[in-house]
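There are 2 protein chains.
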Amino acid sequence: MEQEFNSTLLENAVSALSRLPGVGRKTALRYALHLLRREPSEAAGIGQAIIDLRQGIRYCRMCHNISETELCPICSSEKRNRSVICVVENVKDVMMIEKTRQFNGLYHVLGGLISPVDGIAPSDIEIESLRERVASDNIEEVILATGATVEADTTNFYIFRMLNRLYPTLKITQIARGVSVGNELEYTDEATLARSLSARTPFEF
Amino acid sequence: MEQEFNSTLLENAVSALSRLPGVGRKTALRYALHLLRREPSEAAGIGQAIIDLRQGIRYCRMCHNISETELCPICSSEKRNRSVICVVENVKDVMMIEKTRQFNGLYHVLGGLISPVDGIAPSDIEIESLRERVASDNIEEVILATGATVEADTTNFYIFRMLNRLYPTLKITQIARGVSVGNELEYTDEATLARSLSARTPFEF
Chain A
1 MEQEFNSTLL ENAVSALSRL PGVGRKTALR YALHLLRREP SEAAGIGQAI
51 IDLRQGIRYC RMCHNISETE LCPICSSEKR NRSVICVVEN VKDVMMIEKT
101 RQFNGLYHVL GGLISPVDGI APSDIEIESL RERVASDNIE EVILATGATV
151 EADTTNFYIF RMLNRLYPTL KITQIARGVS VGNELEYTDE ATLARSLSAR
201 TPFEF
Chain B
1 MEQEFNSTLL ENAVSALSRL PGVGRKTALR YALHLLRREP SEAAGIGQAI
51 IDLRQGIRYC RMCHNISETE LCPICSSEKR NRSVICVVEN VKDVMMIEKT
101 RQFNGLYHVL GGLISPVDGI APSDIEIESL RERVASDNIE EVILATGATV
151 EADTTNFYIF RMLNRLYPTL KITQIARGVS VGNELEYTDE ATLARSLSAR
201 TPFEF
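One line per chain: the protein sequences are A and B, in this order.
Residue 24 in the working numbering sits at position 24 of the first sequence, with consecutive numbering throughout.
Residue 49 in the working numbering sits at position 49 of the second sequence, with consecutive numbering throughout.
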C-alpha cells in the first residue's frame with residue numbers, strides 16, 4: 001500500500017495502533033494525532049505502560065489467570081476455599097465473577113472453548129491441566145461457569161464426561177442458565193451473573 | 001477509586017489507554033487484554049511506536065504542520081507554488097486537502113479556531129506567524145480553507161480584516177461553501193472538498 005502520510009513515524013504509529021481490536025486506520029490516526037497534542041511525557045507514559053504490561057504479566061501456573069507472580073493472588077490466598085474450582089473461558093470472566101462477590105473458591109481459566117468449526121480441540125485449551133489439579137488437590141466441586149453458546153455446551157460436556165469417568169464422587173455443577181442463550185459471559189450483567197452462580201445445578205445432559 | 005484489577009501493570013495500562021480519545025475503561029481493558037494475547041515483541045512494538053511518534057515528531061517552523069524535520073516536506077519542496085498559502089485549522093485538514101490533489105501551494109496550520117466561548121483568542125492560534133509569512137515572503141494569495149462553523153467564520157473574518165488592512169493588494173479567498181453548514185472539514189468527503197477548493201471565491205462579508 002502507498003504510504004499515506006508524509007511521516008514514517010506517523011505511518012508506524014497508525015499501523016501499530018490499528019492492530020488494536022476494532023480499530024481501523026481512521027481511528028488509529030485520530031489516536032495518533034491526539035497523542036501528538038499531549039505532553040511528550042504523557043505519550044511516552046502510554047507507550048511504556050503497553051510495553052510494561054506485556055513484559056511484566058504472565059499467566060498463573062495453577063489457574064492460568066493473568067498474574068505478575070508465578071502464582072496469582074487468588075491461588076496463593078489463604079482466605080479462598082481451595083476445594084472448589086470455577087472453570088471459565090477467559091481472564092475477563094474471572095474479573096466478572098470476582099465483581100459479583102458471590103464466589104470464594106479458586107478459578108481455572110481454559111483460555112478458549114472447544115470449537116471444531118474454528119479448529120480448537122480439547123488439547124488446545126487448559127483441560128488437561130484442570131484434570132491434573134483435580135487429581136492432585138483435594139477438590140470437592142468443579143463449577144462449569146461458561147456462557148450459553150454451542151461451544152460452551154460442547155466444552156462443558158467434554159469436561160463433565162472426562163472428570164465424571166475418572167472421579168465419580170466429584171461434584172460437577174454448572175451455573176444456572178440465567179445467562180441468555182447465545183450470549184457470551186463477558187456481556188452479561190452482574191445481577192444475572194450473581195444469580196446464575198448461586199443457583200448452580202448438577203451438570204445434566 | 002478502588003483498584004479494579006489484581007495487577008498494577010494491568011491497572012496502569014488500562015488507565016493509560018483510556019486517555020485515548022473516545023476510549024473508556026471498558027474499551028481500554030479490551031485493548032489491554034488483546035495486547036496480552038499478542039507476542040511480547042508485537043505489544044512492545046506498539047508501545048515503542050507511540051513513544052517514537054511523540055518524541056520524533058515536531059511541528060514545521062514555517063507552516064506548523066507535523067514534521068520530522070525543522071521544515072516539513074511541503075514547505076521545503078521546490079515543486080510547490082510558494083506564492084499561495086492555504087490556511088487550515090489543523091494537521092488533519094492538510095492531509096485531507098493533499099488527498100484531493102487539487103492544491104499545489106503551501107499551507108498554514110492555525111492549530112485551532114478563534115472561539116470566545118472556549119476562551120480561544122487570536123493570540124492562542126498561529127495567526128501572528130501567518131502575518132509574518134505574508135510580510136516576509138512573496139505571497140500573492142491566501143486561501144481560507146476552514147469548515148463552515150461559527151468559529152471558522154469568526155476566524156476567517158478576523159484574518160481577512162487583519163491582512164486586508166495591512167496588504168490591500170493581497171488576494172484573499174475562501175473555499176466554496178460546498179461544505180455543509182455546521183460540519184467540520186475533516187468529515188467532508190473528498191469530492192465536495194475538491195470542488196470547494198477549485199470554486200473558491202474572494203472573501204466577502
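It should be emphasised that the hints constitute simulated quantities derived from the structure, not laboratory data.
Just so you know, not all the hints are guaranteed correct.
No distinction is drawn between identical chains; accordingly, a pair holds when it is met within one copy or between any pair of copies.
Claimed, not checked - For lysine to any residue, the following SDA-like pairs were computed, each having C-alpha atoms within a straight-line distance of at most 20 Å:
{"hint": "1", "residue 1": "92", "residue 2": "8"}
{"hint": "2", "residue 1": "26", "residue 2": "183"}
{"hint": "3", "residue 1": "171", "residue 2": "96"}
{"hint": "4", "residue 1": "99", "residue 2": "25"}
{"hint": "5", "residue 1": "171", "residue 2": "52"}
Now for the hints, and whether the structure bears them out:
1. 92 / 8: Cα proximity of residue 92 and residue 8: across copies only (16 Å, versus 36 Å in one copy).
2. 26 / 183: between (29 Å within a copy, 18 Å between copies)
3. 171 / 96: Neither: 23 Å inside a chain and 63 Å across chains, both beyond 20 Å.
4. 99 / 25: For residue 99 and residue 25, only the inter-copy Cα distance (15 Å) is at most 20 Å; the intra-copy one is 34 Å.
5. 171 / 52: Result: close neither inside a copy nor across copies, 41 Å intra and 54 Å inter.
The structure fails to meet hints 3 and 5 from the earlier list, while all remaining hints are met.
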